[in-house]
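K.L.:
Use these hints to put chains U and H with the ligands onto chain D, whose structure you have.
Chains as they are written, first to last, in the numbering used here: chain D, 767 to 918; chain U, 73 to 856; chain H, 178 to 476.
No lab work stands behind these hints, which were simulated from the structure alone.
One or more of the hints may lead you astray.
Here are the simulated DSSO-like cross-link-like pairs (lysine-lysine), alpha carbons at most 27 angstroms apart as the crow flies [to be verified]:
id, chain 1, residue 1, chain 2, residue 2
1, H, K243, D, K795
2, D, K772, U, K501
3, H, K237, D, K795
4, H, K217, D, K820
5, U, K97, D, K820
6, D, K795, H, K413
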Amino acid sequence: MRVSFKLNGRPVEVDVAPNELLINVLRDKLKLTGTKYGCGIGECGACTVLVDGKPVLSCLTLAVDVNGREVVTVEGVSEDGNPTPVQRALVEEGAIQCGYCTPGFVMVGEYLRSKKRAYSEEEIRSLIRGNLCRCTGYVNIVKALAKALGGG
Amino acid sequence: MSEHVFIGRRAPRHDALPKVTGALKFANDLEAPGMLIGRIYRSPYAFADIARVDVSEAERLGAVVITPDEVPRKLFNPRLVSVDEVTYKDHLILTKRPRYIGEPIAAVAAPSEELAQRALESIRIEVERVYKPVLDPFEAMSPSAPLIHEEIMKGDQVLKVERNIAARLSYTEGDVDKAFREASVVVERSFRSGKRYHMQLEPKAVLCVPEPGGKLTIYATTQTIHNTRILISQLFDIPESKITVVKVPIGGSFGSSIQVNYLVPIAVALCLKARRPVKIAYTREEDMLDHSNYVFHMRLKVGAKRDGEIIAGEFHNILDIGAHQIQAYPLLGTSLGWFVSMYKWKNIRYEGVAVYTNKVPSCALRGYGAPEVQWAVETVIDELAEELGVDPVELRLKNYVGRGDIFWGQGPTVRSVIKSDGVPELLLKGRELIGWDKRGRPEEKKGRFRRGIGLGRGFHTSGAGGPISGEVIDFTGAVLKLNEDGTLDYITALQDHGGGTLDAHVKIIAEELQVPPERINLALATTENTPYDVCTHASRGVFVGGEAARRAASIVKQKILEAAVRLLPMAVNPEALRIRYDPAREDAVIYVEGMPEYSITLRELARKVWQKNWGTIAAVVTYRATSAPPSFTVYYVEVEVDTWTGKVRPVRVVAGADVGTPINPDMVEGQLHGGFAMAWGMVFSEDTPYNPETGELANRFLITDYKIPTAQDLPRLEDFKAVIASTKEPSGPFGAKGLGEAAMNPAAAAICNAIYNATGVRVYELPVTPDKLLKLIKEREGPA
Amino acid sequence: MRPSAINYMNTHILPSFEYYEPKSLGEALELLDRLGGDAKVLAGGTDLLVKMKTGALRPKYIVNIKRIPGLRYIRLEEGVLRIGALTTWHDLEEDPVVERFPALADAVKQMGGLQIRVMGTIAGNLCNASPAADAAPPLLVYDAEVVLASVKGVRTVKLEDFFVGPGKTVMQPNELLVEIRVPAKGGSSAFVKLSRTSMDLAIASAAVYAEFEGEVVKEARVALGSVAPTPIRARKTEAVLKGRRVSEEGLIELLRTVSEEVNPITDVRASAWYRREVSRVLVYDALLKAFERSRGGRA
Ligand SMILES: Cc1cc2nc3c(=O)[nH]c(=O)nc-3n(C[C@H](O)[C@H](O)[C@H](O)COP(=O)(O)OP(=O)(O)OC[C@H]3O[C@@H](n4cnc5c(N)ncnc54)[C@H](O)[C@@H]3O)c2cc1C
Ligand code: FES
Ligand code: FES
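Just chain D, same shape as in the assembly (with noise of 0.2 angstroms):
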């Protein structure tokens, strides 16, 4: 099948199967690999990308089913080519150690700022649980977010 969608702003069109994961189709048929595989079964949250403006999981999202939509990856969040408030406030506080988990936080975190709201600590904490990380206990992870998001 034929689908055509908008990928970090341009418009794509790829030629997938019906059980072709857009992970997948991401990764190895439009080199994005910036979206990360951690588990496939939406326990991790490595793999997340914005599909209309939400964080869902590709791992778990039929290629076929982002036709006619837009779909924004870690690749594509950049403002000019400038790292987001996002970005520079998880390098900046230290949240970043192996980095394989960071793009998944960099997406949902990029979701929680379109909503120009200030979120509470414990808020964050609640909103990033879908996102595992192994190295930094979180907490520079939710400094960073809580920085980002104005935390109120």
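P.N.:
Same frame as chain D, but now just chains U and H with the ligands:
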């Protein structure tokens, strides 16, 4: 910290931007033209003899297939760290006698994962015999148990295995029986830990590319490119010079790639047969079948005099190592090392036995047994303090192994004298911060929700170096060269698992040469362009690797000064010159001492050295550390136990670390945060239990049922306090030691002691799920 | 000995299937009628695709209902909350009307992680019929109903009668759950869940709906999750609670009836013993939470 310009300064890591933008490529992100995707056919039985592997259908589907008969049949050990004579070898690349569910039997490669999967599913095996799996180490040691291995190799000697005992080690010092007779208080307890899985976020992956001239290039998730090369060379009889292993970023490891992961030789075999690039990327489930840690069955007995002087320690250690040896024998030694280096037992008896079972082969998991041993020791010490009626902090201060004492964390053959020791500072500061003296006694605590404070103290070594060669290989190397524009290329085989090791190296070089860290390029490292490094293990990255980097920098510095003498003719010799960072010029400036007007920047110097045909200023260093000093850590943890449900909530944490000079203070804190989180999982949820009948993982390999803590399960920001001791390690680069593993080691003990302080319940078996804890609480309180 | 299924699991990819993407409800119902038991409905996919990857299910046909217009809504009409088949957990999370159903709001907050809530539907949660489904206990205490449509027409089933066993409902293969109906009531309610970590299925969960007069329970409805082959109502306990004071000493002891009403199993998440022990604690906690809420004046 003001004595240093770059060290101790908080700075984002060099690879933060590529990581946060998704640009950084991990092994699974790589591809090569014409690449095939490999999949591994795994044993569906825990213990069986396979007569035949039928791959005809897979081949008909167009897949390239390898079976046990088509790969080298040499016994090997995937972890090269012990010297040959004590390396136990019992692995085959592919086996007809699978010894755990998931052991590789065959492998396929096809142009797409879907086709590879179809080929995989078409493989049929003819089973000669299926044995009932042996899953309990005590059962395994009974004379009637079937032998999981009959013969293995130790070095080049054939070894007959008896009663499934893979290796053993015993040790005595002093007269233990006499000491116990003389002791006024003796505490004896048994402990069992869980079989934890590393759950590093990146499942293992490898890409193997055939090159012209019979060469191979391998990109793999590994902690050691050099050992990967050596092993592949040995297994396939290919000279090392024809194999290049490239260092690629790794998405966390925690010990899981301390050995060469099984997919690497399999990918090589597929690649050699297909003569095309082959990539294998594990699914999460396969990753869980590739590595998990050892299960410790420990019995500890300690004795002390009335005045609190400890006089005897006995440690009986049965290790359930799973189906193969990766580093079971060295672990028997390090377990002993963890034990003896905790307290001055004076009289010691140790009996360590490593036992085969039909489980996933065990390997190191952040701390290589130290979290388990320190959990047991710190629990027993807590009990001892209670029996003696002394403050647990005081008892520790009185008896711990500290400055001036002999330390041999990594086992009996790696001993050295402790030269830096922040334990008193951390114990006393933490005690204040947590409010230790107001913690109360368990008997006084009533009601449904009860709070308690616990203490755990421990350490990890910085590497496995020592003054004599011993049984462990541990040395490293570094290459540093000054480029023509005054930037530098730094090349090291050492891997950064995420802890910021290489950023520490860069800062060390920056400090030595007084150049800004941004000017130092962490160059692509391969086995071709780096001296040997054993592995990034045992928290040696900063202490050992950092010192190699410093030495390289120091050689380069000397050469810079020598060149400068030729460019600043007023200086009589290099000794007359100094080098310092000049923020205005954002460069290192070489100047005549006392006469700063005679100076040259490093940029100018580099350019001139080039233009004048003086050659390249560079250094190649290979370095062996003669000690492996302990990094001490101290955890004070407050928890709240819901005595109706057995659920425990973290309330506050004070995490103290003695890392010598903190090269990257923010990364030190990051390690503590991560270490505590991992300990929390170790205590409450992390385990991979087996179905006793089938030998299958009860969670069916799914992380849905391997729970690690989330952000919501851990303490709030204001409730986690990191304390860094102000010490300096004389043998480390700029006074630094390691941290990675120490950051976690004693945290589990602190949590368990806190549970005791809240409820009066001692935890002797991990993980203590709410289920188990509730049972313990009910047993203690009697029927309601 | 039964061989392990390890070689038939691949969480990188999905096994192949024939794919349908109906553009209307009518078309979907026709398809389901035609394809029969070999077809699976795909909504958020957070249950279905996981089962396909792990080899638990290999459906021949997939009917993706996500492009059917008009199935995604939350409406409070004439005292009934209507939730469409494609309404996600996150839709509920974002809609203030859910605050009027606090037990449901509690469940929304504790369900999965953000991404799972963005993808997963409430209807899918019910149709998947896990004993641990977080939507079930709250909807049971609200006496919710589900509307099932097929080419033959539409029928309404009480949620209590909907679940048959683990993964089993009264739904026929040709039926689609099109709407969930939740009557709004005047009392107070709450849902509590116990799990291994904050991102997990319930070890056990409980919802309570109650009407209080001062401290006295006038009317109570109790439901539990993950303690029996299906989510259950605990009617004996409801009767026991009637007329009791929430501050009554020994209330937790009275709730022993809960432990009699549940029929749990031992699995990887917890033992049957534990589930039995904590189920009454969960009911107790939910009751007290509902009571606190009633004093805050919110239903
Ligand atoms: C990581 C993770 C965490 C989770 N956490 C939780 C949790 O905390 N609590 C919880 O309860 N669940 C949890 N789940 C399970 C799952 O997310 C929920 O059950 C979700 O609500 C399912 O909805 P869905 O739309 O994704 O269903 P799908 O997967 O699309 O469908 C589920 C089943 O219902 C059928 N179906 C779906 N819609 C209809 C319909 N309208 N008519 C007829 N049949 C239909 C499908 O054929 C399928 O059999 C979790 C899942 C994952 C992967
Ligand atoms: S890979 Fe998608 S959630 Fe883990
Ligand atoms: S930084 Fe390694 S998993 Fe998060």
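K.L.:
Take the hints in turn and mark each one as holding or not.
P.N.:
Okay, the hints, checked on the actual structure:
1. Between K243 of chain H and K795 of chain D the CA atoms are separated by roughly 24 angstroms; this keeps the pair inside 27 angstroms, and the hint holds.
2. A threshold of 27 angstroms between alpha carbons decides the hint, and for K772 of chain D with K501 of chain U the separation of about 56 angstroms lies outside it, so the pair is violated.
3. For the proposed pair K237 of chain H and K795 of chain D, the alpha carbon gap of about 26 angstroms is at most 27 angstroms, so the pair holds.
4. Between K217 of chain H and K820 of chain D the CA atoms are separated by roughly 25 angstroms; this keeps the pair inside 27 angstroms, and the hint holds.
5. Restraint check for K97 of chain U and K820 of chain D: the C-alpha separation of about 25 angstroms stays at or below 27 angstroms, so the hint holds.
6. As the CA atoms of K795 of chain D and K413 of chain H are separated by approximately 58 angstroms, the hinted pair breaks the 27 angstroms bound.
Checked against the numbered hints given earlier, the structure breaks hints 2, 6 and satisfies all the rest.
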